[in-house]
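Trainee: Residue-level listing of the chains:
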Amino acid sequence: MDFQNNAGPETANEEDIFVPSDDVREHLVVVGNGMAGCRAIEELLARDAGRYRVTIFGAEPYVNYNRIMLSPVLAGEKSFDDIIINSREWYDDNQIELIAGDPVTGIDRTAKTVTSQSGRTVGYDKLLIATGSDPFIIPVPGKDLPGVISFRDMKDVDTMLEAAGKGGNAVVIGGGLLGLEAAHGLTLRGMKVTVIHLMDTLMERQLDEAAGWLLKTALEGRGQTILTGANTESIYGDGKVEGVRLKDGTEIPASLVVMAVGIRPSTALAREAGLDVNRGIKVDDHMVTSDPDVLAVGECVEHDGNVYGLVAPLWDMCRSLADGLTDQHTGYKGPVTSTKLKVAGLDVFSAGDFSGGEGCEDIVLRDASRGVYKRVVVKDDKVIGAVLYGDTADGGWYFDLLKREEDVGKIRDLLIFGQAFASGGGALDPKAAVAALSDDAEICGCNGVSKGQVVGCIEMGACSLDAVRATCKASASCGSCTGLVENLLAVVLGDDVQSGPKTMCKCTSFGHDDVRREIVAQNMRSIPEVMQKLHWSTPDGCSSCRPALNYYLLCALPGEYVDDQQSRFVNERMHANIQKDGTYSVVPRMWGGLTNPRELRAIADVVEKYDAPMVKVTGGQRLDIFGIKKEDLPAVWADLNAAGMVSGHAYGKSLRTVKTCVGSEWCRFGTQDSTGLGVKTERMTWGSWMPHKFKIAVSGCPRNCAEATIKDFGVVCVDSGYELHVGGNGGIHVRATDLLCKVSTEQEALDYCAAFTQLYREEARYLERTAPWIERVGVDYVKQRIVEDDAGREALRARFLYSQSFSQEDPWAQRAAGAESELHQHLEPIAIAAE
Amino acid sequence: MTDWIDIGTLADIPQRGARTVQITGEKEIAVFRTSDDKVFALVNECPHKKGPLSQGIVHGHSVACPLHNWNIALKTGEAQGNDEGCTPTIAVKEEGGRILIARPTALKAAA
Ligand code: SRM
Ligand SMILES: Cc1cc2nc3c(=O)[nH]c(=O)nc-3n(C[C@H](O)[C@H](O)[C@H](O)COP(=O)(O)OP(=O)(O)OC[C@H]3O[C@@H](n4cnc5c(N)ncnc54)[C@H](O)[C@@H]3O)c2cc1C
Ligand code: SF4
Ligand code: FES
Numbered sequence: 001m002d003f004q005n006n007a008g009p010e011t012a013n014e015e016d017i018f019v020p021s022d023d024v025r026e027h028l029v030v031v032g033n034g035m036a037g038c039r040a041i042e043e044l045l046a047r048d049a050g051r052y053r054v055t056i057f058g059a060e061p062y063v064n065y066n067r068i069m070l071s072p073v074l075a076g077e078k079s080f081d082d083i084i085i086n087s088r089e090w091y092d093d094n095q096i097e098l099i100a101g102d103p104v105t106g107i108d109r110t111a112k113t114v115t116s117q118s119g120r121t122v123g124y125d126k127l128l129i130a131t132g133s134d135p136f137i138i139p140v141p142g143k144d145l146p147g148v149i150s151f152r153d154m155k156d157v158d159t160m161l162e163a164a165g166k167g168g169n170a171v172v173i174g175g176g177l178l179g180l181e182a183a184h185g186l187t188l189r190g191m192k193v194t195v196i197h198l199m200d201t202l203m204e205r206q207l208d209e210a211a212g213w214l215l216k217t218a219l220e221g222r223g224q225t226i227l228t229g230a231n232t233e234s235i236y237g238d239g240k241v242e243g244v245r246l247k248d249g250t251e252i253p254a255s256l257v258v259m260a261v262g263i264r265p266s267t268a269l270a271r272e273a274g275l276d277v278n279r280g281i282k283v284d285d286h287m288v289t290s291d292p293d294v295l296a297v298g299e300c301v302e303h304d305g306n307v308y309g310l311v312a313p314l315w316d317m318c319r320s321l322a323d324g325l326t327d328q329h330t331g332y333k334g335p336v337t338s339t340k341l342k343v344a345g346l347d348v349f350s351a352g353d354f355s356g357g358e359g360c361e362d363i364v365l366r367d368a369s370r371g372v373y374k375r376v377v378v379k380d381d382k383v384i385g386a387v388l389y390g391d392t393a394d395g396g397w398y399f400d401l402l403k404r405e406e407d408v409g410k411i412r413d414l415l416i417f418g419q420a421f422a423s424g425g426g427a428l429d430p431k432a433a434v435a436a437l438s439d440d441a442e443i444c445g446c447n448g449v450s451k452g453q454v455v456g457c458i459e460m461g462a463c464s465l466d467a468v469r470a471t472c473k474a475s476a477s478c479g480s481c482t483g484l485v486e487n488l489l490a491v492v493l494g495d496d497v498q499s500g501p502k503t504m505c506k507c508t509s510f511g512h513d514d515v516r517r518e519i520v521a522q523n524m525r526s527i528p529e530v531m532q533k534l535h536w537s538t539p540d541g542c543s544s545c546r547p548a549l550n551y552y553l554l555c556a557l558p559g560e561y562v563d564d565q566q567s568r569f570v571n572e573r574m575h576a577n578i579q580k581d582g583t584y585s586v587v588p589r590m591w592g593g594l595t596n597p598r599e600l601r602a603i604a605d606v607v608e609k610y611d612a613p614m615v616k617v618t619g620g621q622r623l624d625i626f627g628i629k630k631e632d633l634p635a636v637w638a639d640l641n642a643a644g645m646v647s648g649h650a651y652g653k654s655l656r657t658v659k660t661c662v663g664s665e666w667c668r669f670g671t672q673d674s675t676g677l678g679v680k681t682e683r684m685t686w687g688s689w690m691p692h693k694f695k696i697a698v699s700g701c702p703r704n705c706a707e708a709t710i711k712d713f714g715v716v717c718v719d720s721g722y723e724l725h726v727g728g729n730g731g732i733h734v735r736a737t738d739l740l741c742k743v744s745t746e747q748e749a750l751d752y753c754a755a756f757t758q759l760y761r762e763e764a765r766y767l768e769r770t771a772p773w774i775e776r777v778g779v780d781y782v783k784q785r786i787v788e789d790d791a792g793r794e795a796l797r798a799r800f801l802y803s804q805s806f807s808q809e810d811p812w813a814q815r816a817a818g819a820e821s822e823l824h825q826h827l828e829p830i831a832i833a834a835e
Numbered sequence: 001m002t003d004w005i006d007i008g009t010l011a012d013i014p015q016r017g018a019r020t021v022q023i024t025g026e027k028e029i030a031v032f033r034t035s036d037d038k039v040f041a042l043v044n045e046c047p048h049k050k051g052p053l054s055q056g057i058v059h060g061h062s063v064a065c066p067l068h069n070w071n072i073a074l075k076t077g078e079a080q081g082n083d084e085g086c087t088p089t090i091a092v093k094e095e096g097g098r099i100l101i102a103r104p105t106a107l108k109a110a111a
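Chains as they are written, first to last, in our numbering: chain A, 1 to 835; chain B, 1 to 111.
Everything labelled a hint here was simulated from the structure, so no lab data went into it. Check before you lean on any hint, since a few could be wrong.
[Said to hold, decoys possible] Lysine to aspartate or glutamate pairs mimicking EDC-like chemistry, simulated, CA-CA at most 20 Å apart:
| id | chain 1 | residue 1 | chain 2 | residue 2 |
| --- | --- | --- | --- | --- |
| 1 | B | LYS50 | A | ASP581 |
| 2 | B | LYS75 | A | ASP380 |
| 3 | A | LYS629 | B | ASP36 |
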């Protein structure tokens with residue numbers, strides 16, 4: 001290696017050799033011939049080559065070289081010549097005087113001069129401090145023994161190469177980037193290397209636990225010994241290093257110890273010169289220190305409270321510094337940092353914040369066979385962090401998304417597969433991405449299920465997400481791989497895939513069924529508990545999931561769960577239907593469509609007293625009073641209660657109406673007392689909360705005047721008894737009922753009704769009416785549960801009646817008595833004459 | 001200069017809910033309290049079809065309008081997602097446990 005020839009140390013008496021005496025330009029003196037100092041000069045030359053006369057002092061006896069490339073030099077992949085950034089000619093061509101191998105020892109800001117170790121004093125107009133960092137040496141006994149070095153410059157590399165030439169054992173203290181690079185190089189040079197790392201995860205600042213673990217495994221595979229969670233007590237040896245002793249007493253023999261535990265900004269010079277120094281030399285956005293004629297750049301500075309240890313932000317600093325020196329004040333904005341590294345030949349990337357936390361969502365992909373781990377952290381549809389191991393090709397793309405705060409909501413499902421899939425070629429095809437994974441790629445990290453296993457279980461007949469979850473457990477735990485499993489289903493089955501339950505909403509990766517199952521299985525008791533245990537990705541849910549969770553808990557814990565009013569849709573919270581002008585309509589219950597003079601009078605009085613603009617007979621056989629203000633509702637209810645009327649729940653996901661026809665009591669065709677049965681049914685079912693609204697009708701004969709065959713539960717009376725119908729809907733998609741069975745007594749009709757209602761309450765998804773629910777589960781399933789299983793039916797009925805024992809309290813009466821009055825009253829009215 | 005009107009205490013507003021304030025000659029104001037006890041005040045009208053926002057479901061720092069489920073950001077009054085429109089907001093501050101909102105002159109300027 002003949003690098004010495006490139007720039008030998010200068011001697012003090014040759015001081016004026018490069019300085020044309022007639023040079024009247026401002027003199028810029030640089031302290032530090034390293035990466036930032038020289039880059040700053042390059043930037044300056046690019047802007048205004050002739051503006052300053054430049055002198056550079058360097059402590060190291062070389063021209064400017066690429067420090068990052070010391071690792072390949074140590075590993076034998078490159079020579080020193082290969083890593084030179086600016087050769088001697090560059091200095092000459094640009095009339096830069098390089099004083100190498102002669103560190104600056106003092107700055108006199110009053111005289112505006114610097115003095116070097118060899119005694120040379122040089123005057124400046126502008127001074128640039130670019131002294132970089134000093135390796136941090138942990139203060140343990142033996143730290144000064146010969147053979148204990150750091151890994152910072154070419155001299156350290158020479159020392160390591162010399163030691164490696166003799167073979168033997170080396171210890172590297174510090175499992176960060178530098179330490180692992182040193183360990184790698186020394187291993188390649190034939191030494192037996194042990195890495196001692198204080199933390200449990202290698203490179204814990206760049207990698208999460210999973211990636212750190214993969215890295216450790218790979219390095220061990222190359223013959224290194226990696227001790228994590230290991231604390232160095234001392235370095236021992238007689239006259240030279242002989243080994244390292246850990247706090248736990250372990251002794252590791254070594255003829256070379258490399259300390260790579262961190263760096264400290266090199267600030268001694270600046271501090272002695274009286275500049276403002278905190279952790280680093282304090283600079284403004286233009287890299288100017290507390291003295292306007294002194295600038296600083298690189299690892300030695302502190303900008304906006306931050307110090308840096310990687311080159312990317314330094315390059316930005318150099319640009320704003322050069323802008324400032326040439327009167328273009330752009331200013332440096334602190335960066336978001338990313339690290340893309342080859343650690344010992346292994347690809348590693350990290351950027352941003354991957355510590356997780358409230359509202360953060362992790363998207364994880366593991367491909368065990370390729371040794372790939374990818375994790376992207378998304379918050380509010382924006383990438384805020386990423387960790388890549390084994391395949392870092394998309395690191396730059398993630399970093400770009402992060403910096404630009406791009407909305408990734410639309411490409412979220414593809415994000416983890418990288419740019420080629422998420423934004424390439426126009427066509428968004430997550431299926432192609434999944435198809436491309438190898439068979440032993442891990443799909444479900446929680447349960448350790450590979451792509452091959454998922455495909456196998458789909459081929460064995462699991463045609464839906466639920467079925468896959470039930471058979472091979474993939475996606476059954478934290479749910480983060482749900483998208484992958486769904487895509488695999490689509491790839492394997494094409495159109496045959498049974499559209500599985502969608503997730504409840506974007507706050508969770510779970511579908512309704514999973515949430516309900518887990519609420520019961522884990523005995524969850526409140527909405528926050530569900531959100532916590534099932535990894536909700538939002539702090540308090542949204543207007544879709546909150547009402548659903550409230551219902552599921554209410555259904556699971558009758559009499560115990562305290563209803564969350566704020567998770568109710570306005571109509572259910574106000575016990576009335578909101579109208580387009582913000583007023584409410586009020587529908588009192590008229591049992592089975594029957595009424596009487598007292599009720600009619602009370603309704604008439606309310607209409608007059610509160611000036612209701614309209615009163616109307618509804619399609620559900622009762623009267624609807626329109627245009628009531630929220631503050632008048634409690635009073636209206638009080639008046640209706642006084643006449644014996646209760647809420648008709650015309651607003652609720654609940655039992656609405658029981659329509660009846662006149663039946664055997666009056667009608668010449670009537671076979672049974674349909675009106676009476678209707679009233680009994682309504683008395684039994686009213687007040688129950690449901691997944692969706694629920695309507696019942698009882699017709700006295702197959703002429704079916706009460707339209708029982710388009711109701712959720714319908715009874716058609718016949719001579720021999722009662723036909724029970726289920727799953728009808730007269731709404732958007734008209735669906736006629738399925739015949740459940742025929743029973744012979746009124747009591748049976750009521751019992752089956754209760755059992756059916758409870759089955760629907762317990763098993764349908766929120767906002768799923770009986771018609772789509774039955775289409776989904778099949779009427780045979782319902783028959784099996786209600787008709788064929790006597791004990792099961794009886795249990796369902798019992799659970800319904802138990803639940804009803806808590807829910808048949810008139811909500812109107814409670815409000816009329818003053819409950820939750822804040823929902824109805826304005827805050828104190830304020831009278832201010834409008835100016 | 002802003003004049004401030006005392007409208008009550010935090011406890012007067014249900015968490016993840018809202019109360020309304022009527023000021024003569026002015027549009028009704030909805031005062032929201034979020035799960036993290038932040039307070040926001042908006043004109044009680046959805047930018048879509050004037051739905052009473054005070055009656056919506058409050059989640060995070062948004063409210064879902066009770067009429068057609070638009071989501072309105074409480075801080076800015078702006079409709080979220082694909083919907084477009086903005087409800088005027090009213091400055092709120094807390095002082096000694098009381099909640100104060102900016103008085104109508106300021107409100108007029110905002111509207
Ligand atoms: C008042 C009434 C119309 C009338 O003046 O007759 C009515 C009014 C409304 N119906 Fe209805 N429906 C009324 C009987 C019906 C009927 C007839 C019946 O029940 O026999 C049906 C078809 C039968 C059925 O439900 O299967 C009916 C099918 C719907 C649907 C479609 C449901 C579906 O599954 O497709 C909706 C929309 C929804 O629920 O999402 C709806 C929604 C509504 C809403 C709640 C719209 C809304 O969300 O604001 C209306 C509330 C007006 C209000 O403020 O009072 N209404 N609605 C009827 C009240 C009945 C009662 O006494 O409670
Ligand atoms: C082995 C190794 C691998 C690395 N790998 C990467 C990587 O992969 N990616 C990455 O982004 N970064 C990497 N880095 C970090 C990167 O090299 C530094 O961020 C960068 O060199 C800092 O530039 P600087 O000019 O501030 O400091 P330096 O490059 O250290 O330059 C400072 C110079 O000033 C000299 N000096 C100090 N005091 C005086 C004085 N009083 N008088 C005269 N001269 C003085 C020093 O001798 C030194 O030459 C690596 C570092 C090392 C050591
Ligand atoms: S049919 Fe339509 S417009 Fe008429 S009440 Fe029902 S929802 Fe309203
Ligand atoms: S009025 Fe608010 S969403 Fe329509």
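Trainee: Does each hint hold? Answer for all of them.
Mentor: Hint check results:
1. B:LYS50 / A:ASP581: holds (8 Å)
2. B:LYS75 / A:ASP380: holds (16 Å)
3. A:LYS629 / B:ASP36: violated (30 Å)
In summary, the one numbered hint that this structure violates is 3.
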